[in-house]
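Colleague: Let's have the full structure, built from the sequences with the hints guiding it.
2 protein chains.
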Amino acid sequence: MRSFNRINSIRPYFESGLKSSITSASKVLAAYQMSTESTAPVETAVPAKVRAPKAPAAPQFTLKTPKGTKDWADKDMTIRSAIFETITKVFKRHGGVTIDTPVFELREILSGKYGEDSKLIYNLEDQGGELTSLRYDLTVPFARFVAMNGIQNIKRYHIAKVYRRDQPAMTKGRMREFYQCDFDIAGSYENMVADSEILSIAAEGLTALGIEDFTIKVNHRKILDGIFQHCGVKEQDVRKVSSAVDKLDKAPWSEVKKEMVVEKGQPEEVADRIGEYVLIKGTISDVINKLKADSALSSNASAAQGIADMETALPYLEAFGVTKHISFDLSLARGLDYYTGLIYEAVTAASAPPEPSSKEAQSSNANKKSKKAKKLDDDDDNSENVGVGSILAGGRYDNLVGMFAGTSKKNASIPCVGVSFGVERLFSLIKARPGLYDNARSTSTQVFLMAFGGGPTWTGFLNERLSVAKLLWDGGVEAEFMYKTKPKTPKQFEAAEKSGCPFAVILGQEEYPKGIVKVKELGMGSDADQGTDVPLEQLVDFVKAKIAARNNGIDSALQLLRLDN
Amino acid sequence: MRSFNRINSIRPYFESGLKSSITSASKVLAAYQMSTESTAPVETAVPAKVRAPKAPAAPQFTLKTPKGTKDWADKDMTIRSAIFETITKVFKRHGGVTIDTPVFELREILSGKYGEDSKLIYNLEDQGGELTSLRYDLTVPFARFVAMNGIQNIKRYHIAKVYRRDQPAMTKGRMREFYQCDFDIAGSYENMVADSEILSIAAEGLTALGIEDFTIKVNHRKILDGIFQHCGVKEQDVRKVSSAVDKLDKAPWSEVKKEMVVEKGQPEEVADRIGEYVLIKGTISDVINKLKADSALSSNASAAQGIADMETALPYLEAFGVTKHISFDLSLARGLDYYTGLIYEAVTAASAPPEPSSKEAQSSNANKKSKKAKKLDDDDDNSENVGVGSILAGGRYDNLVGMFAGTSKKNASIPCVGVSFGVERLFSLIKARPGLYDNARSTSTQVFLMAFGGGPTWTGFLNERLSVAKLLWDGGVEAEFMYKTKPKTPKQFEAAEKSGCPFAVILGQEEYPKGIVKVKELGMGSDADQGTDVPLEQLVDFVKAKIAARNNGIDSALQLLRLDN
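Chains A and B, in that order, are what the protein sequence lines are. Numbering-wise (full-length UniProt numbering), the first sequence opens with residue 1 and increments by one. Numbering-wise (full-length UniProt numbering), the second sequence opens with residue 1 and increments by one.
Source of the hints: derived by calculation from the structure; they are not laboratory data. Some hints could be false.
[Stated by the list, open to error] Okay, the calculated beta carbon distance ranges per label pair:
hint	chain 1	residue 1	chain 2	residue 2	range
1	A	Glu311	B	Asp533	30 to 40 Å
2	A	Ser444	B	Ser556	16 to 26 Å
3	A	Ala545	B	Ser444	19 to 29 Å
4	A	Asp126	B	Ala549	50 to 60 Å
5	B	Ala548	A	Lys250	42 to 52 Å
For every residue, glycine included, the Cβ atom is placed at its ideal position computed from N, Cα and C.
Modeller: Pasting the structure below:
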């Protein structure tokens, strides 16, 4: 009876009853009858009186989803699915395989991987057995998977939910439960080929989503390390200096320099030397040439290695045709852990932070709130001020798998490079396209079946509609109809319009008995299609040809996302 | 910097560092540097010494997924995806919309819904804020969604993971994290139309998965209620008698009767009267006729209502062409809560319980275990003895939404009917098909790019392979190549074979500079395709035509699942 329980769980009481008959019937049954009484539904089957004498009180709690989570439905769901489908196609094109890891991991797997942010990890209650936590990202589970299975190389993609007990900001798309959308290449390969393919995947993914005006800012961790060493930053100051540098995308050099000197305690001459480097950006070859011309920097081992990597990558990136999107930007710092080589993030003009006006509105709003609420809003404001809103990001991380595998294992060190699409932000960008939301449909129904007739002998053709529906379903055509014996004509058009079906198939009182139905294109206003009479046996082919012609051979996901082109 | 963190989480330390610069820099940084030191990877970037002086110890815990969970990967993932894709197509054909609810719900939402099985619910730790639990099924979240949004009618499907802290039995597919795959129709409609469409969806789904030899056993809760009343079963005994009846699919009447009389304390004459009814099964019309001929039973209000429902459904089921799969079986009892009307489950010969031999093996194995382990195995054995393995199940539940909405709301009572495909069991059945697993591929790569050449001037054509790959990717063709400058020819064939690519595109040292590549079908043994020379500008079209011809217009999911036909 396990499977029974598994596949339809809305009658678990029954299972209890069944188990009881095998083990300790009376005890279980007693508990079961008690619990049943207290949860009996309002309207039970006949005879209601005997089976559930008490009507339950309305629930004593607010019906809502947990904080920071939401239901996805309707057109939002359609748009998000189209995004996932489009990105998945790109991932598959590059030979990606997908994996599905559990939504929770042993707590030990996650510990020590997220620094300060570990406090944002959701723990599962200790109900006996192992201590587990909800995954915080897809990267650590991926590294665990690679290490655990002794995998030497894999291209894997994973689109799934992750969990962070963060202060949610729903309007900005910052949720406690949200999707990540990752592609990673693990394995020891010819230097920079996989890195270049990852950048190509990034560009192809954005292009496929209909985003054209993007820039991929790239940098190399070893070059940054070399610059900081060369400029005289002490090792213990590298991280804080680096985080100041990373703000150059939203603050002028004068401010960043001030932060370095005043807040971060760097000598002014060190800051000035850094400034000479991190303001450099341009095409890959221009920046390489500049750096190589600097004999002092290029004699630094770390910088030299990074420059050589970028030089190696250049022809690969040219072969992939992605250099036009790339800006080699020495101010891009990204994280300072895990990453060991290429780092990058993509931005687009449309993903810029909100206008000052909306920020002001929010800030004045925040003033009305309690001190505690204000504090949280401050946190929000920070998140708003930093970052121009990258729409994807990634880089090379050669040591994470090794953290799991230890030093003894065969795959002690499996180098990895990956990309993560920022689906929440991409969703907002795409949803905002003019016309797109209006054109999205929550169903993909193509045909609405109607019956027209009248008079005393009119049956409403319900059975007839069902059998034509079946004909269409079996032919692979999405079809709906009103669950009503004798629906009125205007009601049927109303329902068809609400469904967004492009076509109606009409069963006329006179025509249907002769084996003829009418196929009519809907939603054409005054130029309404008068419809075509089609013999029933040709209906599936006729409708499929109509649908194909209407879609012009383009699948619905692509059609939706490329609306602007 | 939120989005930054969101879309690529493998450098959270950095974010900490960044936050610190705004709030309390030194404190956070100190903690951050400490945590970094203790988790520093083995091989850091140059200069390793300065950045991560200590190599970490190998992890002190076993690398595994939590109990009752597993990673899905490789061909299993392909097969499961094909199942989901196929069922989704059927759901969409019926106008289904999909929703995505959070993986955890407020604990109050779930409480009082699962009776005894509530102990199997995973709770999240109380980390401040609301108390939440992982969802136990998709039905209660669906009812919450409908009630919360005041939805009057919806056809929704949802394919997602649910969680049960159950004793896992991995080999039997009983996991703590597993998928459910549900379609439900909510709304007040013409009686029995939605119920009939649900049965049609069940039949179409199984057929689409290549399962032909299935039977859908149907019954009606009101008929069962009527039978028990009519036979003199006391109200308080209905559940236990019903659970005995439900065993008739695996035990003879004599045993079930004995259980009723001896264990369940029913008078022998009551058991005999029940036996006259519950052994009845046959076509819907046969069983209706038998029941209607029984004037005593058919004068029972509950039974009469159920019989009338089935009579109403019959022409709809005939119109849908599903009566051939249906057995009206009065021994089907299913749960006794929630369900208020039609109930059903589908079985197939191939989903029968394991052979006795394997049970014996397991039982002797269990003897070697500790007492505690033995007890758990007993539990396993129970689950093995009960149920012949239904592959889908469902029914009508008219009161669940009302439990959330209370009596005051507009949608206090939204009747629902649904189907749940048993994907774990369907997966096992489908995976076991001869040849299917061998034919499954974990990637969908179509083309493996190779370069052939030699001699002192031979470069290996890496850049050239990259640009041809890009050509194919942009054309929508899945393509891979070896990440190696000068790969040896046998190595390339080996890699191509491993990838399962049906085609090779070969860049010859002489031919490629003339704009010609060779397209060769792979895996043809001694009848090897000698290949066709194709000009580069025609490559995409040529390859796409080759792929289309090979697939015969059938998509890969369908191809995989219908292998037996």
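Colleague: Hint by hint, note whether the structure agrees.
Modeller: Tested hints:
Between Glu311 of chain A and Asp533 of chain B, the C-beta spacing of about 35 Å keeps the proposed range 30 to 40 Å intact. Roughly 20 Å separates the CB atoms of Ser444 of chain A and Ser556 of chain B, a value that falls within the hinted 16 to 26 Å. In this structure, Ala545 of chain A and Ser444 of chain B meet the distance hint of 19 to 29 Å, their C-beta atoms being roughly 28 Å apart. With their beta carbons about 58 Å apart, Asp126 of chain A and Ala549 of chain B fall inside the hinted range of 50 to 60 Å.
Take Ala548 of chain B and Lys250 of chain A: their Cβ atoms lie about 49 Å apart, and the range 42 to 52 Å holds.
Comparing the model with each numbered hint stated earlier shows that all of them hold.
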